[in-house]
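S.K.: With the sequences and hints as input, model every part of the structure.
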Amino acid sequence: MASIFEAKEVYKYFGGIKAVDGFSMDVGEKQITGLIGPNGAGKTTFFNVAAGIYSPDRGEISFKGDRIGGLRPDQICQKGLTRTFQIARGLGEMTVWENVMLAPKRQTGESPFGAFSFRQVRKQEKEHWERAAGLLQEMGLYGQRNEYARNLSAGERKMLEISRAIMTDPEILLLDEPTAGATVDETKKIMAEIGRLRDERGYTFLVVEHKMEVIMNICNPIYVMHNGQNLADGSPREVQTNEQVREVYLGG
Amino acid sequence: MEYLLTILTIVGIYCILGLALNLHFGYTNLPNFGIAGFFAIGAYTSAILTVPYRFLEMEIFAGFPGGVPGRIEAPFIVGILAATVLSGFVGFLIGIPVLRLREDYLAVASIGVAEAIHFIALNELWLTIGSAGIRLIPMPFANRYLFFLIVLLVLAIVYWVISRLVRSPFGRVWRATREDETVTASLGKSIVRSRMWAWVIGCAFMGSAGSLWAHYAMAIQPGEFVPTTTFLVWIFVIVGGLRNQKGVLIGALVIIGLFEQGTRFLPAFGAPYVVPALRLIIIGVLLVVFIRFRPEGVLPERATMIEDHMKTI
Amino acid sequence: MEDLLSYGLLTFASLALPALGLCLSIKVVKYFNLAYGDLVTLGAYLALLFNLSFGLNIIWAMMITIVLTAIAGVAAHKGIFKPLMDRRVGPLTLLVVSLGVGFVIRNVLLIGWGPQPYQYKMPLARAIHLGPFFFTPFQVVMIAMCLGVAVGIFLMLRYTQLGRLMRATADNPELSEIRGIDIEKVYSYTWFIACGLAALGGVFMSILGTITTWMGIHGLVTIFACLIVGGIDNPYGAVIGALIVAFAMEATALWLSPPYKVAIAYVIFIIVLLVKPSGLFAARRG
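Protein chains in written order, with our numbering: chain A, 8 to 259; chain B, 175 to 487; chain C, 2 to 287.
It is worth saying that the hints were derived from the structure and are not from the lab.
Remember, predicted model here, so these are calculated numbers, not experimental data.
Each residue gets a CB set at the ideal place from its N, CA and C atoms; glycine is no exception.
All clues given are correct.
SDA-like mimics (lysine to any residue), calculated; alpha carbons at most 20 Å apart, straight line: (1) K86/A x T356/B; (2) K485/B x E154/A; (3) K86/A x E355/B; (4) K25/A x T51/A; (5) K130/A x K485/B; (6) K420/B x F464/B; (7) K71/A x D176/A; (8) K130/A x R338/B.
Which stretches of chain B does chain A cover? Using the computed rule of at least three CB atoms under 8 Å from a CB of chain A, they are: (9) 336-342; (10) 348-362.
Taking beta-carbon pairs under 10 Å as the criterion, some of the chain C residues facing chain B (in silico): (11) L85; (12) R88; (13) V90; (14) T94; (15) L96; (16) G103; (17) P260; (18) Y261; (19) L274; (20) L275; (21) P278.
M.R.: Right, dumping it as structure tokens:
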């Protein structure tokens, strides 16, 4: 399986704290790779480095062969890597439909001159809305399309976050705890969606999760991070039966 | 009737300033306290290009083919277009360092910029004739009624352009940036580009307003482009409704129309400076009260439904 | 050259205290209060009231003015800014409101005194040579007072309980509150001191020049320039900044041309703001 996303010996320090301390990983194309670890292990920081919010102090991150360490978040997204946030950051003052319609890349209407190419913009808006409406329906959010995002429940906001990420039509999706705060039903929906997107659209996923049933069911391989470093990696079974992993998770 | 026309013309020009500020602060969260500066750039540019007498007597122009450009005397349309473009361009140059600043630092920086422009207007006599000001600026068609229509036309254009931009995907990016930069960036939008465009377009329109002012008043002086002017615009934008263009227009009509101009007809009590000072005091109090009790203004922003959006896009 | 030294020192004396005051206020309450310039003006005019209308000696007028201005400042804080801060509005909103307050103060003074410039009634004096300097006795008193007050403030900040409370609140307001510090009291005291300094600065500026209703806002940019050179929340930096800016201004006036004296302050302000907004000698990460 070709590797589409690679992190080599990445370090990130904050003052004296080593948030990411020489972490490496490989994400294969069209795979759903999992990243687990106890709280504070450095997973979200690693995501932030990968997504461009921080630059790595040392080490390399590459995506499709290009080095992306040090690029701005918007540049990285344009290249095809989209991430979601641990606590869903919906744009509360905008409506649900505005949130998802914001996402698609390279919209003509997004430059001041392009905004006046009426025919182009109208065409694109129609196309994007068709896609968005379908997505919202699957996520069960269609009924709330005209609601302000801040009025959604926690689980709904997570789904909105994921929908938005999907609308950017990425090649790789970094999901930070996509089912946190979601109900059992919503969790099932999200898991099914991830699988479907991988199968039908060929998306690659890197998922940080705490819920074991999610990780073990859909992710393969799984990396375990501890204190900013690699602890173990392998198939779900391998990771589950790994001594060190069990120690760290205290029977998890 | 004449008098009403005067008031409405001034209100119209202030409306343009207000819509531009609304673009900056209402839609993009860029507190621009240097409005007077861009207003001045527009006014002076238009004035310098259109006055029917010799100007710009500087050695550096001596090398021009034909010697010092005597009378440029361009038509009004050139004046207003040049004012708009130059104001936008200066906005761009200033925006490069300024837009990175945190909101209150940006506010202070923009005040500084406006003061710098005011200083140049006051002291660079070769460019602006200093405090005596520039006179005999021609009003197009020399007809107040027609000029009012011109003001309305420019206002309509500005209103429509901003409206279109806000409803477009571009406007979505502005509003998203305003709310949460990190998320917007994570969706692949360039924050810098989107902000800079808002800034430049707003400054350009302030320049247009400046040009209209110069041709309406037919004489300008540095003393007109002071923080008080900036402040007035802020007041009626906040009172009328941030992020709602109609609200801005209403705010301008009420505050500028009734207050600034209407009270000119009340009997002046005390010395001549008392009534203007009183007006400003009331306006200052109004600002504090509004921010305290109703910061979203009279007409707040409203959400659009997807169905309506698809019909009007 | 001796002109430069003398004028520079005098201008410094009139800038240092308001710069220090504004610095303290920004450092502790954490927003730009643009009405500060108008508080300087208020101080100048109150002293004028006592000096001209009530016939008091300028020194007495100064004392009363300091107290009154300080009280006015604290009143404004409690009446206008505190309710807003309680609602957790951002620093920008507070800035906009402070602009409004400034407008009100400025125009009330305008109604009271009119637009013409005033001067204090002070005994005439001759300038005497003091080494390389050239001052009137009163100007010497002024400079001495300025330095004395500045040193006093520094000592207060370092060694008194109030000073420590101010520094703690400035460093970390939430933590300080949790530790039981009455933040609101610290704010009030800070404003009291800052406005007192503003008044003093206003009186000094008026002694050196004339009193007009817009002297404060013109002074504000200059004061900001001092702050930004010294580091926005660094009190020592504020005084050093005042020294640098004062001499830069006088040098410009002497060697370039007088109107540009104010321009250099603007230039310094804008350039430093754009290059390093936290100030050149910022106290911390800024």
